[in-house]
Amino acid sequence: MAPGEAAAVTRFLLLVVVLSGCAVVRPYEREHLTDPTMTDDAVESASMRKLHTSREGAGGGDGAPAGGGCGCSN
Amino acid sequence: MQQLATVLLMLAVAGTASAQQDWRLEAASARVTHFGQEGRGVQSQADVRRDADGVPRGSERIDVAQPAMRLEVQQSRRARHVVDLLVDVVSAASADALDAVSRASLWNEAVTLGIETQVDATEDDHLQLRYGMHLEEPLKGGFGGLGYRRDLAQDNATVELRFDFRIDAFDPLTIQGADLGFVRRRTILGSIAATQLLSPTTVASASYGVTHQFGVLEQTWNSVPIAGTDRRIGERFPGRRTRHALTAGLKHHIAHTRSTLGLHYRFYADDFGLRAHSASVTAAQWLHRMAFVRVGYRVHQQNGVDFWTNGAPPDAIFIGQPRTSDSDLARFVAHEWTAKLVFFTKREADLTEHFYLSVGRYWRPRLRVTITAAGYERRF
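Quick note, the sequences are listed as chains B and E, same order.
Numbering-wise, my numbering puts 41 at position 41 of the first sequence, and it's gapless, one number per residue.
Here my numbering runs 1000 ahead of the position in the second sequence, where the first position is 1.
Here chain B stands alone, though its shape is the one from the complex (with noise of 0.2 Å):
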């Protein structure tokens, strides 16, 4: 990774780090967030992933299993 991208990995983080203290949503508030539209598929999920990274040569490096666990080269 470039001098550049590393920098910009780190100021990602840190944002993530402030954005983490901004808000407390109470367990009795989060009937929106339980919604169905708001839950991935983790099935259809992976056989997406697959689909992308069977095809494109970006897979892996984010802990879903890719680069390796296939006769892809990707």
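Incorrect hints may appear among the rest.
Each pair of labels, with its calculated beta carbon distance range [what the hints assert, rightly or not]:
1. E:Thr1257 with B:Val24: 42 to 50 Å
2. E:Arg1240 with B:Ala8: 17 to 25 Å
3. E:Ala1030 with B:Ala8: 39 to 47 Å
4. E:Asp1063 with B:Gly4: 39 to 47 Å
5. B:Val24 with E:Glu1026: 23 to 31 Å
6. B:Val24 with E:Ala1255: 13 to 21 Å
7. B:Gly4 with E:Asp1350: 24 to 32 Å
Just some of the chain B residues that point at chain E, by a computed CB distance under 10 Å [said to hold, decoys possible]:
8. Ala7
9. Glu29
10. Leu33
11. Pro36
12. Thr37
13. Met38
14. Asp41
15. Ala46
From chain E, some residues computed to sit far from chain B (all C-beta separations above 12 Å) [unchecked claim]:
16. Trp1023
17. Ser1059
18. Asp1088
Hints are computed from structural coordinates only; laboratory data are not their basis.
A virtual CB, placed ideally from N, CA and C, is assigned to each residue, including glycine.
Got chain B; can you put chain E on it based on the hints?
Then chain E, alone, in the frame of chain B:
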């Protein structure tokens, strides 16, 4: 690192063993997807035709049938297991490639079985143990990993650390038919991810991860044309690759209209010289008390690896420099749209069971994939 892994494992075992056993199926979901792919790539040896610019491109036509399922099992008050099974049945995966000892070019089946055991060490501390295997002609692999998630500020935020490894083993043939013997590919992954509730209707997420691979990283059947001839040689990769990926996401529910908007961005960089940006937007809308529709659009731009070529020099086979003509590693911009219709079997007070139908299209220069899927989920 070994000591940390031992401590996490001991905690996981202790958490599982100390709680009262109460095995119960929590959720089951299944999906069947068909990917119909049409296209042409320089690396393919099937039905090769030359472009107007003289570049030879072979067919990348394949059909993939992909059944998948997930089971979530509660073992005790503190322990649960998630079992994922993903199967790919691929037609003509490498049509017309040399195929002396396997049938991989005709039909290829790949199976991935993964299990994640989650243990609540405390109310806010959660441990994960992952393990599984991947079988595919001519590749066999195993993987494992550990994870730790900490809930913060009354579950308003979470931070998750993951460490995973994979070992793949295969017995490749070169495109000239030489057997190179048994080779391995090893992969180590580490990542940190965070989610944060921003309001009663908005949640943000972010992650950073690094993957390091070493061993034989190239495919065994991709070919590289030799410039000015009809001959080909096998592709060749460096023996190591380090990848970085950064993601950010935002989801917002609009209660008044019962809609949800989602944004996601991913930046990727590796030491093969590949840089990529992927961005997607989704919108979901309830149509009825028992049905909603979700549509999405994604764009992906990548610059290609440093050693991509559509014609290697005639002496390339002797030089041994990295080379590939794989269209997946070239410079391109890809687009994708998807649409999904979800039906619940009961009204909104009891949204525990649903079916869905999904269609989509992925395209980039010289490649198109049509996606159709149907799925089912039941929570108990």
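Consistency of the hints with the structure:
1. E:Thr1257 with B:Val24: 42 to 50 Å: violated, 26 Å
2. E:Arg1240 with B:Ala8: 17 to 25 Å: holds, 24 Å
3. E:Ala1030 with B:Ala8: 39 to 47 Å: holds, 40 Å
4. E:Asp1063 with B:Gly4: 39 to 47 Å: Given a distance of about 43 Å, which is inside 39 to 47 Å, the answer is holds.
5. B:Val24 with E:Glu1026: 23 to 31 Å: Holds - the Cβ-Cβ distance for Val24 of chain B and Glu1026 of chain E, about 28 Å, lies within 23 to 31 Å.
6. B:Val24 with E:Ala1255: 13 to 21 Å: holds, 19 Å
7. B:Gly4 with E:Asp1350: 24 to 32 Å: violated, 52 Å
8. Ala7: Interface hint status for Ala7 of chain B: violated (12 Å vs cutoff 10 Å).
9. Glu29: Constraint on Glu29 of chain B satisfied, holds at 4 Å.
10. Leu33: holds, 6 Å
11. Pro36: holds, 6 Å
12. Thr37: holds, 4 Å
13. Met38: holds, 5 Å
14. Asp41: At about 7 Å, which falls below the 10 Å cut-off, the nearest Cβ of chain E leaves the hint on Asp41 of chain B intact, so it holds.
15. Ala46: Where the cut-off is 10 Å and the nearest Cβ of chain E is about 6 Å from Ala46 of chain B, the hint holds.
16. Trp1023: holds, 21 Å
17. Ser1059: holds, 15 Å
18. Asp1088: violated, 8 Å
Of the hints listed earlier, those the structure fails to meet are numbers 1, 7, 8, 18, in rising order.
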